[in-house]
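Residue numbers (the working numbering), protein chains in the order written: chain A, 1 to 86; chain B, 1001 to 1402.
Take these hints with a grain of salt, some might be off.
To be verified - Each pair of labels, with its calculated beta carbon distance range:
#1 A:PRO3 x B:ASP1051: 34 to 42 Å
#2 A:PRO3 x B:GLY1073: 46 to 54 Å
#3 B:GLU1230 x A:GLU40: 51 to 59 Å
#4 A:VAL10 x B:ASP1163: 24 to 32 Å
To be verified - Part of the chain A face toward chain B, derived, beta carbon under 8 Å:
#5 ALA5
#6 PRO6
#7 GLY8
#8 GLU9
#9 VAL10
#10 SER12
#11 SER19
#12 ILE23
#13 ILE25
#14 ASN29
#15 THR41
If you're looking for bench data, these hints aren't it; they were derived computationally from the structure. None of these values were measured; they are calculated from a predicted model. Every residue, glycine too, gets a C-beta built ideally from N, C-alpha and C.
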Amino acid sequence: MIPHAPIGEVGSSLANKTSGWRIFIPVFNAELCNGCGTCETFCPEGIVHKIEGGDTFAADYDYCKGCGICAAECPKDAIEMVLEEK
Amino acid sequence: MTGELKSGRQVVEGSYAVAHAAAMCRPDVISAYPITPQTHIVEDLSQFVADGVIDSKYINVESEFSALSALVGASAAGARTYSATTSQGLALMHEVLFNAAGMRLPIVMTIVNRSMSAPINIWNDHQDSVAQRDTGWIQIYIEDAQELVDATAQAFMIGEDPDVSLPVMVCMDGFILSHVFEPVDLLDQKDVDDFLPQFLPVRALDPDNPESFGMFVDPAYYMDFRYLVEQAMDASRSKIEDAAKKFESSFGRHYGGLIDTYHTDGAEIILVAMGSLVGTLRDVVDDLRSKGKPVGLLKIRAFRPFPIDEIKKAVAGAKVVVVLDKNISLGTGEGAVTTEIKAGMYNGDISVPVIGFVIGLGGRDIPVTTVQRIVEKAEDVIRNGIAAESEFVDLNHSHVRV
């Protein structure tokens, strides 16, 4: 039974992994990355973050929809959009 | 001004009457953006708040979209909420209207009916609210200032019923009702407190027990939520009737529930309308009945949910149904009420010819003589059959080629 209105647990949208929406996947090249964070700023989903213990960036592939904005904005061309085989 | 709002019979503007009625229902939160001809309602309410005679929270906003969005949040938190708007303002709320209904939030909003731009025009017809008929809001159309007061109190009772839990539009004709002064029995605070139970939301936002409201729903669930709104609409039918009856037992006034009828028994011609036009039609029916003509009147109070069963029952014995629509569904050639009555009768066990008249758009006057000419056309339908299913009334032939 569903409730009378679309009401659910806080954070339950995390269960909806949107990786399946993706056709191209951003591949981050740590050697070209200068750590500026432009990709993190421009990601419309808020899922690009600095990697733990490092100065470069990576996307959370569970939720990345493959829009390519990070790759388009990167001033060092350090992000490549690659066709993802599934 | 300080102290309490006066109750009892007074000569007041229709806008004041509705502001007073809304105030008596003790809304926790009011949010609205001023727009002609709704302005006096929100001016009166903001004055009540500024004077400290009601303790509602009044949220000033920069648009109608924000006004209704603010109330969605407040209602989700369990507040009783009220707004008022019209025309372009209602159109700007369009997206939020769906959200309020889909999240099952019983916001009450007065719609001061006005035409839609373009061409821009501030006068009355029903295009603004009729165009919002698929959003999931209950819609009640009002005949006079007293009914407006009484239906406002009923609207909170209907919408907040846990079996309904839907927002309600109380639709009043711009200027014709909003700016007219007439004697009105203003509600007494204690009487309204006795009539209207406290708002107990089915679920409410609670920081100690956090939940997500209006969350993402995928194809496995979406359709079922839409079905639940339709079920709630259906449940509201009996609640609209009940609220009218409860109001009558408390206050002694009744305007019908989903519909009202006037001399429909034995009527061969039944006129159908919504809003203040019904008052004009009562006079026409009185006049024609005094001349022995079998004419009756059906007033549609609830356009959503659409009371097709009640309408069919009321017109079953008639020879022709004449619908006066203050709206036009462009591309169909007729008003929405005409279309829906015809559609509702199509597979049924009664078959009465229905003709529609698009009338009074953008505030064009509807004199008694015009209605009399329409009745003559209806008499012609009885004699010779339908010549035109729908037509525009009182077009100015020097303005358009017809």
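We went through each hint and held it up to the structure:
At about 41 Å, the CB distance of PRO3 (chain A) to ASP1051 (chain B) agrees with the hint of 34 to 42 Å. Between PRO3 (chain A) and GLY1073 (chain B) the beta carbon distance is about 19 Å. The supplied range of 46 to 54 Å is therefore violated. For the pair GLU1230 (chain B) and GLU40 (chain A), the beta carbons lie near 44 Å from each other, so the given range of 51 to 59 Å is not met. Restraint check, VAL10 (chain A) to ASP1163 (chain B): a C-beta distance of roughly 27 Å satisfies the suggested window 24 to 32 Å.
At its closest, the beta carbon of ALA5 (chain A) sits 4 Å from a beta carbon of chain B; the interface hint therefore holds under the 8 Å criterion. Satisfaction of the interface hint for PRO6 (chain A) is found here, the shortest Cβ-Cβ separation to chain B being roughly 5 Å, below the 8 Å cut-off. The interface hint given for GLY8 (chain A) holds, since its Cβ lies 5 Å from the closest Cβ of chain B, which is under the 8 Å cut-off. A cut of 8 Å between beta carbons decides the hint on GLU9 (chain A): the least distance to chain B is about 7 Å, and the hint holds.
Using the Cβ-Cβ criterion of 8 Å, the hint placing VAL10 (chain A) at the interface with chain B is satisfied: the shortest such distance is roughly 4 Å. Using the Cβ-Cβ criterion of 8 Å, the hint placing SER12 (chain A) at the interface with chain B is satisfied: the shortest such distance is roughly 6 Å. At its closest, the beta carbon of SER19 (chain A) sits 15 Å from a beta carbon of chain B; the interface hint therefore is violated under the 8 Å criterion. Because the closest C-beta pair between ILE23 (chain A) and chain B is about 20 Å apart, greater than 8 Å, the hint is violated.
For ILE25 (chain A), the interface hint is violated, the least distance from its beta-carbon to any beta-carbon of chain B being 22 Å, above 8 Å. Taking 8 Å as the C-beta contact cut-off toward chain B, the hint placing ASN29 (chain A) at the interface is violated, the least distance being around 33 Å. Using the Cβ-Cβ criterion of 8 Å, the hint placing THR41 (chain A) at the interface with chain B is not satisfied: the shortest such distance is roughly 25 Å.
The structure fails hints 2, 3, 11, 12, 13, 14, 15 (numbered hints given earlier, in ascending order).
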